[in-house]
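Novice: The lines below spell out each chain.
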Amino acid sequence: MATATSRWRALAALLRPDSRRWAGLGLLVALASGLSLAGPLVVRRIVDLAQAGTTAAQLTSLAFLFLGLAVATQLITVVVSWFATITAWHTTNQIRLQLASHVLGLDHEFHRRHTPGELIQRVDGDVTSVSDFLGRVVPRVVGAVAMVVGMLGVLAVVDWRLAAGALAYVVITGAVIVRGRHRAVGEATDEMGAYAQLYGGIEERLTAAEDLRSNGAGAHAMWRFVEESAATMETSVRRESAFLRLWWAVQGSVAVGSSISLVVGAALVGSGSITIGTAFLMFQYVLLLERPLEDVIQQLETVQKANGAMVRVIDLLAIRPTILDNGTASPDRGPLTIEFDDVSFDYGGEGREGDERVLHDISLTIAGGRSVGIVGRTGSGKTTLSRLVLRLVEATHGELRLGGVAIADIPMAELRRRVALIPQEVELFSGTIRDNVTLFDATSSDEQVTDALRRVGLGALADGGVHRQLGSGGAGLSAGEAQLLALARVWLRNPDLVVLDEATARVDPATEVRLEAAIAELIDGRTALVIAHRLSTLRHVDEIVILDRGRVVEHGTRDALTDDGASRFHRLLELALEDAP
Amino acid sequence: MIPRSTMKSGPGVWRLAWRVSQHRPREFWAGWALFILFFTFPVLGGWLLGRGFHALESGDYSRVYWYAAAALATDVLRMTTIHAGALTWTRAWVHMQSFLRANLLAAQLASGGPEAGQPVGSSGEAITHFRDDVEDVTMFIDGLIDVSAGLAFTVLAGFVLGSIDSGAAAVLMVPLAGVAVATRTLDHRIKRYRATDRAAAAAVSGFLGDVMSAATTVKVNGAAPATLSRLGSLVDARRHTAVRDRVLDDGVQAFAQGAADVGLGFVLLVSAGAMASGAFDVGNLAVFTAYLGWLSFLPRMVGRVMARRKQAGVAFERMRGLVADGDVRNTVRTRSLPVGRRELRPRITATRPTRVPLQLLEVRGLTAQYATGGGVRDVSFTIARGSFTVLTGPIGSGKSTLLRALLGLTHGAELEGQVWWNGVEVVDRAAFFVPPNAAYLPQVPQLISDSVADNITLGEVPLAELLRALDLAAVRADIEEMPDGTATLIGPRGLRLSGGQRQRVATARAVVHSPELVVLDDLSSALDVETELELWANLAAAGMTVLAVSHRAVALERADQVLRLDAGRPAVHASR
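Each protein sequence line maps, in turn, to chains R and A.
Taking my numbering, the leading residue of the first sequence gets 2, the next gets one more, and so forth.
Taking my numbering, the leading residue of the second sequence gets 7, the next gets one more, and so forth.
Simulated from the structure, these hints should not be mistaken for lab results.
No experiment lies behind these values; they were computed from the predicted model shown.
Treat the hints with caution; some may be incorrect.
Said to hold, decoys possible - As a list, the in silico SDA-like pairs of lysine to any residue whose alpha-carbon atoms are at most 25 Å apart: (1) A:LYS197 with R:GLY126; (2) A:LYS197 with A:PRO125; (3) A:LYS197 with R:ALA169; (4) A:LYS197 with R:GLN299; (5) A:LYS197 with R:GLY54; (6) A:LYS197 with R:LEU38.
As the list claims (entries may be wrong) - With the Cβ distance kept under 10 Å, some of the chain R side facing chain A (calculated, not the full set): (7) TRP23; (8) VAL72; (9) ASN94; (10) LEU120; (11) VAL124; (12) ARG182; (13) GLY187; (14) THR190; (15) ASP191; (16) THR233; (17) LEU288; (18) ALA407.
C-beta: ideal position from N, C-alpha, C; glycine also.
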């Protein structure tokens, strides 16, 4: 957690690139406040002149002046809003990009712990809260302060006692609001929490609607809904009563203020120290204060949200990746050998024996250009093994070398270029086919993209044009086509080592045949690690490694293990026989 | 989706809004009355201040103090009223919203019966009905309250101002009418800008969502720089829409508030002569000044409530798609909803059909055809008590469609054929095929962020039966290893469990009520072959009647009969 001062320092650092815009905005806001103070001064003059006796013509010209000021005030308010919004978005868009870049650079483990929804909230939702705060609250607060200072100045010129009285009045009102604020924002946060729970619950139940309907669980789900709705009722009423206190403070101060202005006016006019016009000026100023005060109260929730958001943004920026990009050595060109030299891995003592994420004393050498099937039960460490090769995680003990170079010594950009992954669930982006193959990289030509698609058997997709849109989550592609598209991504990059993690688990046997042909062509001449549940997927690999509870228990050529009646692989083949009709 | 033409054209927005408001009539009318009362106090308060300034001008200082005190007392009364009014109205507001949400949710979750509505596509989109559409309807009702209160103030204030100076009062109406017109005409544009801005915002968060879900893909492909530059152009586009949206919105607001000042300018202009002659004194000016801020309320609300009426109409139209028969009246079905602070909320025990022990299930000529071409056609088979039937076939051959059609879960498809249970036709299949008669495990089961036990039982079930279900689903060891056992919270959508654990917890859910028939869609993608084998053995040992989709030999070998589907038609029907 950042301390309050370091938080403000961090906020200031984020604002610094746009500091001149912010200064300009401050000037505009002060000007707007000054203008709104001028109108009541004109009315004061009108009242005093009318008392003293004057011509209608003189009053009319003053009335025109008042009208002009009213219109000008409105115009400048809009200009302030425009400039404030532009500046706030300009600044916060920089923060968004900085955060997104930071998050993408964090460890794989970080992404396992945080759901995408949470990260969207951090990178976009929280920054939008900050943006609202900067664009809406800050100008209003600055405006309100400028207005109060200006009023005190005007009153001081008229009569120092008025200014002193008004100052005391403002200080008391401010203190009441600030004190009530804490409780009000606390209650507002509770209410938001209750609603988040309500909507989260509804969304979850809708996602699970078929499960619930087919299990006759409607009544149970409705009972939960009523409980959650009751919580929104409870917190809404509490929030409302907390905000009503604040509202009492504002409205009460205006009511007391206008009565006081009348009483004080009566006393001072009676003693002859001020004119009736000045008494009326005080009355107008009290009414003028109401608006910014109510605005500030309305924006309290924005302040609270932004406060929490700011803390989370800064905390997120403070998380450092543990996998660093410091390497300078390059393995030789061509297919990469893989050497596990007594490698162990666990997640900081959290893992127990049998935990899927733990590996023990792995020593294994895979020659360049060989394809190796990795087999084992769920939780045996297959996926962790592949993450080590991709350097998504780092060995806690021992060393992993690719092409003879320790993996940490290879520059990250080079590693990413030479080692590719084809995962079980292909992640697609809502964008064009081209975007999905190149991953937004502009350097590949359309011809290269088309060629990659053809090579993996998606010629039909390429023929329709690579600039066509795919829906979110790859709507319009079957699971098999999505897998083929992932192969095309890899083709385009021409890597030296390919990791296939259950790449064909989600497709039916017919599609699998189509995929297998494309995979066989892709891994030809490259080193390949193939992880699979279905043993049929491993028909074409050269070697088999069997993992059990994080240890290598069998390693040999596929043919030798198949023929050896005592091998584990042989037993698994007998158990599975999955393609038997 | 039901074709539009067959939807019943329902009652209008006013009628529906009335029904919503009368869900809790006491809160509604009390809130309304307090709001009207609240708006009448400022008329009195302003008039008293005016008298005060009048007394000040005429040098009668002792009366000034009395008027100031009276004005203050009026304000205290006004604030007490609004305190009670706002609290009452908050309750009415939550009651109305919960009422609409309850009707939508109940329609979505009903297993058959008259209340069952159309299932929605994505839950992300559906949530907008529960949040935004419900909000739109209550905002309309809220706006009506505001308009009636504003009207009360305007009429009373109009009398006072008219009696002071009818000319000045009339000229005051000019900018106020301008506010009503501007609010009304610009409302469409505001909404359009808002929609564009929302779309731009959705593009940003959608893209970020894609990127964050695919963080590993982006990482291992070294695609971060290219992805960020795409994000940069999206956030830039959004800045433009956001600025446009905000400036117009703030502009309209500034205009509405500024109209009061402009109105005062007009009054000063018109009354310049009267002031110079002393006929229009500072007391009168004080009354006008005090009323101005309040007077701009009604025109602002009138413009707005007209727009809100339209929005409420759209909202009802959208919500109609979620409820039974697409009949909008079902969104305002009367129901008891004890969400109040001191109301009792007894836990409703699930109403389940009575158990009808299965002897023989017969499926006769079942067809479920989608307009897009997918589906199954003319499938017939029988299942005997205690038997194990495996359904197999390539992806897209209609396996899931067949199971869902059998259980009455299909929507939007043309259905034919019958299902007979012990020689009796099952008419409302969705209502009949729930535990204890049948239980279903979808291909990708969905769990909710509750405890393991709650996810399995979905209601009250004795502990012994829960443990038995865990054993059957081969998940008991996993659960017992967790620190809180069956009380362990599994996180949103069960994300704290591994994929295989989720599948097995859902399997336990399917067997916990010892259903007469267990229907399991493909388990193989999430389970390794040894676990799948264990599961089939357990279900057989428990004597359960099972209908399951599988590709694996371990299932096919154990099956009493195998149904193979190919392109929606039965290809092989092999019995042992």
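Novice: Against each hint, give a clear statement of whether it holds in the structure.
Specialist: So, going through the hints one by one against the coordinates:
1. Between the alpha carbons of LYS197 of chain A and GLY126 of chain R the distance comes to roughly 22 Å, so the proposed pair stays at or under 25 Å and holds.
2. Distance restraint check for LYS197 of chain A and PRO125 of chain A: the Cα-Cα separation of roughly 29 Å exceeds the 25 Å cut-off, and the hinted pair is therefore not satisfied.
3. For the hint linking LYS197 of chain A to ALA169 of chain R, the alpha-carbon distance of about 44 Å lies beyond 25 Å, and the restraint is violated.
4. For the suggested pair LYS197 of chain A and GLN299 of chain R, the alpha carbons sit about 22 Å apart, so the restraint of at most 25 Å is met.
5. Taking the CA atoms of LYS197 of chain A and GLY54 of chain R, the gap is near 51 Å; set against the 25 Å cutoff, the hint is violated.
6. The straight-line distance between the Cα atoms of LYS197 of chain A and LEU38 of chain R is roughly 33 Å, outside the 25 Å bound, and the hint therefore fails.
7. Among the interface hints, the one on TRP23 of chain R is violated; its C-beta lies about 16 Å from the nearest C-beta in chain A, farther than the 10 Å criterion.
8. Evaluation of the VAL72 of chain R hint against chain A yields a held restraint, the C-beta minimum of about 7 Å falling below 10 Å.
9. The beta carbon of ASN94 of chain R is positioned within 10 Å of a beta carbon in chain A (closest approach about 4 Å), and the interface hint is therefore held.
10. For LEU120 of chain R, the interface hint holds, the least distance from its beta-carbon to any beta-carbon of chain A being 4 Å, beneath 10 Å.
11. Because the beta carbon of VAL124 of chain R sits about 6 Å from the nearest beta carbon in chain A, less than 10 Å, this interface hint is met.
12. The criterion of a C-beta within 10 Å of any C-beta in chain A is not met by ARG182 of chain R, whose closest approach is roughly 18 Å, and the hint is violated.
13. Using the Cβ-Cβ criterion of 10 Å, the hint placing GLY187 of chain R at the interface with chain A is not satisfied: the shortest such distance is roughly 17 Å.
14. Given the 10 Å rule on beta carbons, the hint for THR190 of chain R is violated: about 17 Å separates it from the nearest Cβ of chain A.
15. At about 14 Å, the closest approach between the beta carbon of ASP191 of chain R and any beta carbon in chain A exceeds 10 Å, and the interface hint on this residue is violated.
16. Restraint check, THR233 of chain R versus chain A: the minimum CB separation of about 6 Å is within 10 Å; hint holds.
17. Checking LEU288 of chain R against chain A: minimum C-beta separation of about 7 Å stays under 10 Å; hint holds.
18. Contact between ALA407 of chain R and chain A, as hinted, is not supported at the beta carbon level, the nearest pair being about 19 Å apart and thus beyond 10 Å.
In this structure, the hints that do not hold are numbers 2, 3, 5, 6, 7, 12, 13, 14, 15, 18, in rising order.
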